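Mind docking chain B on chain A? Use the hints.
There are 2 protein chains.
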Amino acid sequence: MKHSCSHVLAAAVLKLYPKAKLAIGPAIEEGFYYDFDFGQEKISEADLEKISSLMIQIIESKQPFKKEQVSATEAKKIFKDQPFKLELIKDLEKEGEKKVFIYHTADFFDLCAGPHVENTGKIGPFKLLSLAGAYWRGSEKNKMLTRIYGTCFPTQKELDEHLKRLEEAKKRDHRVIGKNLDLFVFSDLVGKGLPLFTEKGSIIRRILERYIVDEEIKRGYKHVYTPHLALVKLFQKSGHYPYYKDSMYPVMKIDDEELILRPMTCPHHFELYASRPRSYKELPFRIAELASQFRYEKSGELSGLIRVRAFCLADSHIICTKDQAEDEINKVLDLIEDVASTLGLKKKEDYRYRLSLGDRANDKKYYKDDKSWEVAEAVLRGVIKKRKSPFFEAKDEAAFYGPKIDVQMKNVLGHEETAFTVQYDFVMPKRFNLYYIDKDNSKKEPIVIHRSSIGCIERVIAFLIEKYAGAFPVWLSPVQAIIIPITEKEILYAQKIFQEIKEAGIRVELDDRNETTSAKIRDAELQKVPYMIIVGQKEEKNKSVAVRQRSQGDQGEIKLEKFIGKIQEEIAKKK
Amino acid sequence: MKHSCSHVLAAAVLKLYPKAKLAIGPAIEEGFYYDFDFGQEKISEADLEKISSLMIQIIESKQPFKKEQVSATEAKKIFKDQPFKLELIKDLEKEGEKKVFIYHTADFFDLCAGPHVENTGKIGPFKLLSLAGAYWRGSEKNKMLTRIYGTCFPTQKELDEHLKRLEEAKKRDHRVIGKNLDLFVFSDLVGKGLPLFTEKGSIIRRILERYIVDEEIKRGYKHVYTPHLALVKLFQKSGHYPYYKDSMYPVMKIDDEELILRPMTCPHHFELYASRPRSYKELPFRIAELASQFRYEKSGELSGLIRVRAFCLADSHIICTKDQAEDEINKVLDLIEDVASTLGLKKKEDYRYRLSLGDRANDKKYYKDDKSWEVAEAVLRGVIKKRKSPFFEAKDEAAFYGPKIDVQMKNVLGHEETAFTVQYDFVMPKRFNLYYIDKDNSKKEPIVIHRSSIGCIERVIAFLIEKYAGAFPVWLSPVQAIIIPITEKEILYAQKIFQEIKEAGIRVELDDRNETTSAKIRDAELQKVPYMIIVGQKEEKNKSVAVRQRSQGDQGEIKLEKFIGKIQEEIAKKK
Chain A
1370 MKHSCSHVLA
1380 AAVLKLYPKA
1390 KLAIGPAIEE
1400 GFYYDFDFGQ
1410 EKISEADLEK
1420 ISSLMIQIIE
1430 SKQPFKKEQV
1440 SATEAKKIFK
1450 DQPFKLELIK
1460 DLEKEGEKKV
1470 FIYHTADFFD
1480 LCAGPHVENT
1490 GKIGPFKLLS
1500 LAGAYWRGSE
1510 KNKMLTRIYG
1520 TCFPTQKELD
1530 EHLKRLEEAK
1540 KRDHRVIGKN
1550 LDLFVFSDLV
1560 GKGLPLFTEK
1570 GSIIRRILER
1580 YIVDEEIKRG
1590 YKHVYTPHLA
1600 LVKLFQKSGH
1610 YPYYKDSMYP
1620 VMKIDDEELI
1630 LRPMTCPHHF
1640 ELYASRPRSY
1650 KELPFRIAEL
1660 ASQFRYEKSG
1670 ELSGLIRVRA
1680 FCLADSHIIC
1690 TKDQAEDEIN
1700 KVLDLIEDVA
1710 STLGLKKKED
1720 YRYRLSLGDR
1730 ANDKKYYKDD
1740 KSWEVAEAVL
1750 RGVIKKRKSP
1760 FFEAKDEAAF
1770 YGPKIDVQMK
1780 NVLGHEETAF
1790 TVQYDFVMPK
1800 RFNLYYIDKD
1810 NSKKEPIVIH
1820 RSSIGCIERV
1830 IAFLIEKYAG
1840 AFPVWLSPVQ
1850 AIIIPITEKE
1860 ILYAQKIFQE
1870 IKEAGIRVEL
1880 DDRNETTSAK
1890 IRDAELQKVP
1900 YMIIVGQKEE
1910 KNKSVAVRQR
1920 SQGDQGEIKL
1930 EKFIGKIQEE
1940 IAKKK
Chain B
1370 MKHSCSHVLA
1380 AAVLKLYPKA
1390 KLAIGPAIEE
1400 GFYYDFDFGQ
1410 EKISEADLEK
1420 ISSLMIQIIE
1430 SKQPFKKEQV
1440 SATEAKKIFK
1450 DQPFKLELIK
1460 DLEKEGEKKV
1470 FIYHTADFFD
1480 LCAGPHVENT
1490 GKIGPFKLLS
1500 LAGAYWRGSE
1510 KNKMLTRIYG
1520 TCFPTQKELD
1530 EHLKRLEEAK
1540 KRDHRVIGKN
1550 LDLFVFSDLV
1560 GKGLPLFTEK
1570 GSIIRRILER
1580 YIVDEEIKRG
1590 YKHVYTPHLA
1600 LVKLFQKSGH
1610 YPYYKDSMYP
1620 VMKIDDEELI
1630 LRPMTCPHHF
1640 ELYASRPRSY
1650 KELPFRIAEL
1660 ASQFRYEKSG
1670 ELSGLIRVRA
1680 FCLADSHIIC
1690 TKDQAEDEIN
1700 KVLDLIEDVA
1710 STLGLKKKED
1720 YRYRLSLGDR
1730 ANDKKYYKDD
1740 KSWEVAEAVL
1750 RGVIKKRKSP
1760 FFEAKDEAAF
1770 YGPKIDVQMK
1780 NVLGHEETAF
1790 TVQYDFVMPK
1800 RFNLYYIDKD
1810 NSKKEPIVIH
1820 RSSIGCIERV
1830 IAFLIEKYAG
1840 AFPVWLSPVQ
1850 AIIIPITEKE
1860 ILYAQKIFQE
1870 IKEAGIRVEL
1880 DDRNETTSAK
1890 IRDAELQKVP
1900 YMIIVGQKEE
1910 KNKSVAVRQR
1920 SQGDQGEIKL
1930 EKFIGKIQEE
1940 IAKKK
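Chains as they are written, first to last, in my numbering: chain A, 1370 to 1944; chain B, 1370 to 1944.
There may be inaccurate statements among the hints.
Since the list can't tell identical chains apart, any single copy or any two copies may satisfy a pair.
[Claimed, not checked] Straight-line C-alpha distance at most 30 Å; calculated DSS-like pairs for lysine-lysine:
no.: 1; residue 1: Lys-1871; residue 2: Lys-1700
no.: 2; residue 1: Lys-1799; residue 2: Lys-1548
no.: 3; residue 1: Lys-1512; residue 2: Lys-1622
no.: 4; residue 1: Lys-1569; residue 2: Lys-1587
No lab work stands behind these hints, which were simulated from the structure alone.
If you're wondering where the values come from, they're calculated on a predicted model, not measured in any experiment.
Chain A with its partners taken away, still in its complex shape (with noise of 0.2 Å):
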């Protein structure tokens, strides 16, 4: 239904702009799009609604989706006047397609496969939502075609409950309360999906780095630095490259060698490993690493924080016996759930897991080792049954070397996002021929263990934005207080508890301009400044503190050493 809206998007368009040119139309998980070449002509969200007007016509008459299979040679013919769609006939002829086929309705036609609904009237309510520029084929080599959004459902209800969660999306966009509350920004001198953070974004990102480190040494990793760049033999011997050459950074040479960014770290952990030889004693072998990482997006598919070009992962790889395996994969998740309960998020209701499996019969995508697999596959079905998590399982999702267990999260708009990924590895053992004394004096095989714990530091922190719209917990504010002396009476009382506050650890700011105090109350609430700490004659007096709390209002007044013993136990708890 979704497609077939948009092929009325597309028709609509031709009546009103006959000089458009189709680009591609496709169904996305939010709705549709369809991006046109409008030459000349500039249009604006205005004119959304004149389209509309007229697909709502369109839908109303009713008329049928006609298949019709045609030659390409005759194709090309019929779409002469459109330049991407005789683009695409070729390249289905390239493919060794002989013959290709074309939709109708009414007098409008489009080169698809379909399938379709059976006419116009069976598309529910729809909403054309926005514009956008977008690259012909995602590359900024090609021309720049503007694209319209829209959405359909099968009920009006449907449609306003999807339209409000936009509203709400919007509302939380990490990108705008980014800016609004300075937490990072970016530079067209530095590049595109390079994030600088600024220094209350750099609060945020050192409390989540330091809280992950501390919490994975306490459970047993061994937190490491490796360098974020490395020969390309190193990826050569993990078989990422050229496997995985085309979100690489270029090559770098420097002398005789040939260096470039690393995409991953487990290759330079398993260089770490086997810097020396290994006792069955050591293993599980838990490295664990915030690794600078970096891989190339299309610009087209940089999007603030959530898809960047270069990252930093809270990494690890466990190096353990096959005996070990289970256990070792409980302890991840174990972590993963209390990682996802610090940050607010409950299981089941925000998100639930995923088992990613192989497929025997694709050998190109998978490792050939059937065996392999099998014990792989229920050693983390096994876990999961065990932990009576709530879990699906989906073929064909797994990694090239084993099946892994992805944590599905539900984003603002209700989609499910893989957030965190438990991956069972029997292959790059034997590729960096990776081993361990056994108590025989025997060299054994290890296998491996690749996950995450609160993923990619900038996505989490895009994440964590969006979640609270900019209101994070105290724990994580970049300011956890203000101090609001009512008159310049009080300023010398206000500074003398900001050091006071300060001095007890507490991230706090002094408000000391010439504003009246609901100006300065609401500034602070629009920062998201967890408390507001009120003083004047009486608090000075009293040595207390009126304290008001983010969108909660006045709390009254209370104690200096009081206040701060509340604050410090909330950030204690993580609150």
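Just chain B now, with coordinates in the frame of chain A:
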């Protein structure tokens, strides 16, 4: 004298190996070396004695050093069998030299501008130290030569003292200790000059990093995270590229952009400052970062953690008004002195300041703005003088954009090296159009202070390893205490106190190997663990521990809580 001794070395070598080809033989701070191409012949350290004997003969024969000037054409005839000398003569010709100098000692002669001692008899006691491989002109592309290192002194006493220092330095070599204590490793697949920190080395690194970040935040720095790379045009704007190009990594082309790994942090910090208008109220704006930086170093110059190709600098840029400069520089020196003292370094004894000045006559090397140079140099001189700190002035050692104060640290050999630096910059604000809105609403130009506090983390770790010969103070020790149960009977008690000590936040290990107590103590001493906790029947009964301190032996029995309190206090005090 050192250079004269290198001639004597070459003369002796040519006598013993007539086919040897001479490269260069300069005096260096610690003595001298001479590079030879021995062709098919192999020489070993054992041959140094033979060479030394012949050198003694030459010295005792008091051969005069005779200087001769010849035309370049003639020189090429004289050195026709010495290809490296021919290359040098041709280079001199290219530089426009028509005549060159030759020094003769008996039948030996060398291309050399001198000066030399009067005769070989004036050369004091010498010692040939070692052999090493060295590329001709330091480039991997050229032939590998054999370098013979030596040193000489006016008196035997001075020579002996120097050899003793060398011996001590060798024992403290951070590359050797780093390997023995498993602090860091290198990998042929990762690449040259790219250290991988192991768990233990990473503990030291993390403690230092957190210490400096916390210390700087306490002092009002805004600690940020910015990308490790940027567009080439950012460094073109700063003027670093192409000026600095040779020590930068190669350009990476992505889509239609050119990216490059950053060799310094300043441009990123300027972009962050310039991301929105700044008021005078925001100054001084102290931006700091644990910044990953990347510089190309010739492979022959890489050395352990001292000289690497990717490093982490505790970097900062203070953007302030000219009036604030003196106060800010003072505060930076306060920070540097506190950090140095925490690391166990004493002013005067271990370091002094160098005031590095520009040269008004050299417009190529230094930005032309005489008045700004005068002001900046006066500010720096004033600060040091007021502090009554030991310092000296050095002409022609400034940065391109202004003068600086270098903290000159003595290394194990007693040589001074620049550890940290504070630079006054009046050029970059113009280049980046940095400004602030002053009280009167006018745009004004700030100045920038570039500074480091703890320097490059890799280097400071190398320095600390050598300073403490691996026996780190308790707060920095990767393992702070090790529990050694005397017999198997105390294993349970040992496990119990292991938990208690660990929960008290102390890095503790339990040595439950099947070895004798003395063997375990020996191993713990070798691993430089500050505290060994021996537990036997008596200790178990008394709920106590017997403490042995590293290199100081038995400290007697003590209650467990008391021991924990003591070690916690040491850690808190950074002892």
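Going down the list of hints, with the structure as the test:
1. Lys-1871 <-> Lys-1700: So Lys-1871 and Lys-1700 pass the 30 Å test across copies only (20 Å; inside, 37 Å).
2. Lys-1799 <-> Lys-1548: between (47 Å within a copy, 26 Å between copies)
3. Lys-1512 <-> Lys-1622: between (32 Å within a copy, 20 Å between copies)
4. Lys-1569 <-> Lys-1587: both (27 Å within a copy, 15 Å between copies)
Every hint from the earlier list agrees with this structure, and none is contradicted.
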